[in-house]
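Colleague: Here is what each chain is made of, one letter per residue.
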Amino acid sequence: MTADHTSQSTSEVELLSFRLAEEEYSVDIMSVREIRGWTRATPLPHAPAHVRGVINLRGTVLPVVDLSVRLGMPPVEGDARNVIIVVQVGSQTAGLLVDAVSDILALPRSELQTPPELAADTAHSFIEALTIVEGRMIRVLDLTAVLPDDSAEAA
Amino acid sequence: MATDPMAEIRASFFVECEELLESLQDALGEMDEGQHDNETINVVFRAVHSIKGGAGAFGLDALVAFAHRYETVLDELRSGRMEVSPEAMKLFFHAADLLQDHVRAARDAGPTPDGAEDCLIALEALIGGGAGPAPVEEEVSDFQPMGLSLDFGAPEDDLVEAAPEPPVWQICFTPSPALYASGNEPLHLLRALQALGTAEVRCMLDDLGDLDTLTPEDSALSWTILLTGDLSEAEIREVFDFVEDVSTLDITQVTADRAPAEEFGMDVDQGFGVPSGAVDVPTAAPPKDIAPAVAVPALPGPQSPPAASAAKDTAAPTEASATVRVDLDRIDRLVNLVGELVINQAMLAQSVAEAGLPPNSAVMTGLEAFMMLTRDIQDSVMMIRAQPVKPLFQRMARIVREASAAVGKEVRLRTEGEATEVDKTVIERLADPLTHMIRNAVDHGLETPDKRVAAGKSSEGVITLSAQHRSGRVVIEVSDDGAGINRPKVREIAIAKGLIPADALLSDSDIDNLLFLPGFSTATQVSALSGRGVGMDVVRSAIQSLGGRITIHSEPGKGTRFSISLPLTLAVLDGMVVNVAGETLVVPLSSILETATLAEGDIRALGPETNVIHVRGTFVPLYDLGAELGYRHPKSSYDGGIVLLTALENGARSALVVDAIMEQRQVVIKGLQRSYGHIPGVAAATILGDGQIALILDPADLVQNASGRTRAAELALAG
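Chains as they are written, first to last, in the working numbering: chain A, 1 to 155; chain B, 156 to 874.
So here's chain B without its partners, still in its complex pose (with noise of 0.2 Å):
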């Protein structure tokens, strides 16, 4: 693959392309959001237009033939013949879709997406029956000049299209000494004058002394504008707003024709005729330095366009940020390594502090900077790996538009906080799971327009999907305006399934977590989107098995919220680092609820090899760690022992019995599974501060596949 360079192009062409279908998803987002203006259709249209003259060069037909017919179509909007209606932005969406299965179907070389000649079909329908042209046109050319002279960079079509005696306007503009000193800059002004149309700008250099006379805090420089526009004076004056009690400005409006151009041009000669030299005017301008930049291209000849055209390149290309693709596997070595440096400094730490030396010494020093530029190298590195959510909601927005269609509600997807960054595997893993739960907002969540214009609701539901950092870590929830949990209902059903008794007493809270249970849905009917048996059991496991956790918060009438808070990243891991049998191990802290010191009374026997402990009046399963995996036989007895007291997914408890807790600490996890393969109760390796390889245990895991023996101590050793 690396050695074929078409391919390694292809392989960036579909790169482009994804990002192009963001920024096309966020445009048209935009739009919906009632932004019409021309910059957003552009950028609507050019993502199109450039997935299409990408996949031209590499041949892939079907996608050329779609972006085509698509980009025609959103052309009739650009030019403004069309109208944004909401069934037209539905139907956008639903061709950015489709056109993102197009382009993944080019890509992996799969089947091309069925619909979307139906959908082109109904797309070339809102040309053809376009509704009530002429209003629409004068509302959109309102903002034309602004747009298309920004991106086009083409002069000459706004000369054509404000050919017809357009009036021209000078505009004399002094500023004063105290303009520079307030923090204004002429040369944004003028840029500001450009965009309302073509404009001839002129630098008067009339009061630009000698420079042995100039003083640098004085304003030397004036401009004469000639701006061809269909403008109002009040429209030119807006751009000096904040300037105009610094400066002299004198707008007049001019006849079209070439007189005043011809005075304009005596006016440069004597501008030239002034200063003895040239070269001093750049050195010379005032105070800012960006003035010269202006005079600069203010200086050759009498025509306008080099000059304007000059100004809007400078101006154009504000939006590359600076990024580099990065391959995957080339991040994770780094990982890697700065998780060894991070190894290596605790050995090295453990055998200076065994070398006794003075803690003041220069070596003791220079070690904890050493220790504070390995946390930092540290934490960049993990930094890289991060990525905004952005896209994982982009795909959300599309599961709703899809969901909503499918249940025939109304439902409009909010996001926040899209800029939030995450691991990129938390990334990856969090998209099924949230999935599952934007379809059950959908769903279960939301009622049916009618419902909720009965309950005096917008008929339009509204899911948000939020992302925040909090106190280290990632906090995603998902929120709906429904009507909350049907608490009686939930109930109901969890005595029906038999998932709890009759006569439970469960408190509000409670209830709502009856729904994690394993083998609940709460859908009477079992619809296309969910209720297929995947329920909210396998969403909250998927959190768990990313080290986060799921909680609920319903308010009947007004909604239900779920928010998933989970660890920023998946390179390190909070965790306890506790000794069995002579063997050292890491327990993840995340799954510990408390630690334990067993007394006397606290154990009762449970069958014949089996015990339990009675903790705050529940009794928990006690399971001991070294005989679970195989390091010993189970203990005669375990009063004095420690335990840990772990939650499970289903809420059970279990305690596991160590033999001493050593310290709590970060520690990098090493997989397992590439090297060896899953161990059962096993989640990966670590690597400890003296070199030795610790396990990190799962608890969950280890406990559903434990034998639970911690009696009958002449049994043969487990496992």
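Just chain A, same shape as in the assembly (with noise of 0.2 Å):
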């Protein structure tokens, strides 16, 4: 959230874009704390399927997202390619399980577009808005709507 109210308020955007299943998405880095190799999650019980579990991270326990599983895709392998993004929103802290990190895009704020309204995608409530960059399309996503939603777990 603060995230966002900080780039906003610029008009260029930085975005950190990544590979997941051949499709390219990214978040913006103002949210991105730091970028790990693959460690195996220890799995939590009774999560939902997109929680693949939590990891270490130097002391802290850090719950990592399948982006793949929370996109409605089928889950990441998991091996010594992918990456794990951890970001931050908020007070709220995670891991985003991905492909690979690819680039880092500067752009100005006004090239990014809002979605179309797709009633059957559940994935297009994730994504925030959508850019083009190289002729590729780049979809930026809504962080808060991604992440394990704090309030509702501790109910």
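It cannot be assumed that every hint is accurate.
[Unchecked claim] What follows is a set of in silico ranges between Cβ atoms, one per label pair, in the way DEER data are often shown:
| # | chain 1 | residue 1 | chain 2 | residue 2 | range |
| --- | --- | --- | --- | --- | --- |
| 1 | B | Asp856 | A | Ala49 | 20 to 30 Å |
| 2 | A | Gly90 | B | Ser167 | 45 to 55 Å |
| 3 | B | His833 | A | Ala49 | 16 to 26 Å |
| 4 | B | Gln819 | A | Ser102 | 28 to 38 Å |
Since the hints were derived computationally from the structure, they do not count as laboratory data.
Only a predicted model underlies this, so the values are computations on that prediction, with no experimental measurement involved.
We put the beta carbon where it would ideally sit given N, CA and C, even for glycine.
Put the two chains together into one complex, using the hints given.
Modeller: Have a look at this one:
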């Protein structure tokens, strides 16, 4: 949330783009804390399917979200080539399991377009904006929607 | 918040207030036990006064107004115009509680507490109708010079009060070398004299030879003291009680006019005349190194006040203990980092072991030293979080006062082991269960005054609250000297409520433990205090959630004792590391009764999907951890499987199937709530030596949410 506000106040936006099942996605770079190599996550009982488990991030317990499953695609295999992007939204920190990180893009905010409403897609509610860079369509994720909801899980 | 300096100062004022309130409670407690000396009364007065002063600076008018009127009454007490009576003590306690409420109200900008006005009026009535002032004054004035001269450092007051022709004593004190040899210290004696009255101290240097002839073992100094005060010779001699045989002491009474002072002044001149250089004096002084410190204030001129007040100043600042106020977050971060260090060290040890180095190589010995150090650091860091239970006990003192007033019983709370240190979180989470237990003790435990008298006891009931360390745990006990548990009645109620069958055979302790059953309340009448549906079962689950145990011990006619045993810290836990379906889990050791291997005939089918096992005459439900946590389907057969027998809060047992028991070790607890949220059956997580996260189970929660499926392998995965 806070990251969104800070980036909106500037005309430029920097995005970290990554690959997920041959498609390109991106997140606001202001919310990215670090990028880690794949480590085996400890599965959590009674967790939703997209919560891969928890990993040890220098002593804190970090939940890892399998982004593919979250976006309605088959799960990521999970091997040495995969990476975990550690993101922070508000006070919540989580890891996103993706295929590979590809690029850092800087573009004017005006080039971001609101995605069209397509009711059949589960994934679309997670997508905040769309943009085209060098002929490739890049989806910008809405992290607040992607991350496991604190209040719902705690209930 | 942190950027506003005013808010910070305000916050630290309230922290100080808490400390002052604590010392106020302490001193009132001492007064209640019969210590009516000026020092104690002054502590009470000063605490209220300081709160008033600080509150004034922040414009907290309601607090100032209350503190001011309270202080006014206390001032009467301090000046000896009022007597300490039990009624007055009650009011003082009540006012202290209200003062605390006022402080809290001011801090949280809440409404000012009710009943303050009534209490103040009652207090002020005490001064108005003060009883028999003459004898009281006499009694208190015995102590007065001591308290006043020490605390307020105002010699003028002493002079003014001692003005009507007090006798002047001249004391010549010449210590022999044996005095120093036996470890005595003239400075202390001189200070003791100063505490008795106004003392003019002169150091006599007559015997002090030249530096080259001086033997350090000899005693070269003597003192002449002019003591002004309403004293008898015996009182002065008492000061020198322990040194009389190793010193020459000459005490004479001189008249109050200044003649002796002149004569005295000549002595000093003489004293100055003898040594060739004044520089020698401090260095050539007797073997004790404090002695020069006395010699120095004694040197300047014949006026006494500077010397006297200098010595007073050195005597005063003993109270300030060296403490640092640290933000709790910083400590938690440190605790976390140390936890990290422990894990890292385990990982290092693992890789060193894998490298196959010889056991006595430098790396191995170095690593062992490292392990010892980390363990020491861990212990020290855990100790930072530890806090004395005293504030908690003080809160309980208030509960006792309020509760006893509500039910019209006379109750005295005795506390023991207030300095016992426990983890801060434990203290915080102990407040509610302890409050409930104290209320129970007042309401149910103690009899009414008439019944007590009839039973040959004092009409005043005593509740004892104690804390102590016992074999790595903290034991907190709440005991009363009441009638004890009425076992026939407890049994009757349990049968009436359908908690036990009417013909159940129960031992005394079994009956006592019925109190912990949910929905049990012995009070035939629901009083304002207890019996509001919150029973001892809630207390027990609160204690158990802290990793503690609670037991009852009761003797008819003599009283009941509840013992709570708690772990020292919540940051580490003794656990059993087990393997279930390829996952590593930690089960708290405190919940495991025993472990067993299942033989063929042990398992009996209960329902279509459930099994029980037969252990020592009782049937225990069987839970497959792997299935309950969604790691696998229930197995087709559990023969030869390993089970952990756990005890639940209500005394029921359950058997948890695991694949293998790995080890038993201490693990650092990492909360899951903040990063993910609550998971049914899981208490927290920890990081193992290999850097992997393992979940720590909460067996009680697990069983509560468990399906109990241990058969029917064709069913879908649970969860």
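Colleague: For each hint, tell me whether it holds in the structure or not.
Modeller: Verification of the supplied hints:
Look at aspartate 856 of chain B against alanine 49 of chain A: about 23 Å separates their beta carbons, and that is inside 20 to 30 Å. Taking 45 to 55 Å as the suggested C-beta distance range, the pair glycine 90 of chain A and serine 167 of chain B does not conform, at roughly 30 Å. Checking the proposed 16 to 26 Å range against histidine 833 of chain B and alanine 49 of chain A shows it holds: the Cβ atoms sit about 19 Å from each other. Separated by about 47 Å at the C-beta atoms, glutamine 819 of chain B and serine 102 of chain A break the suggested range of 28 to 38 Å.
Hints 2 and 4, counting from the list given before, are not met by this structure.
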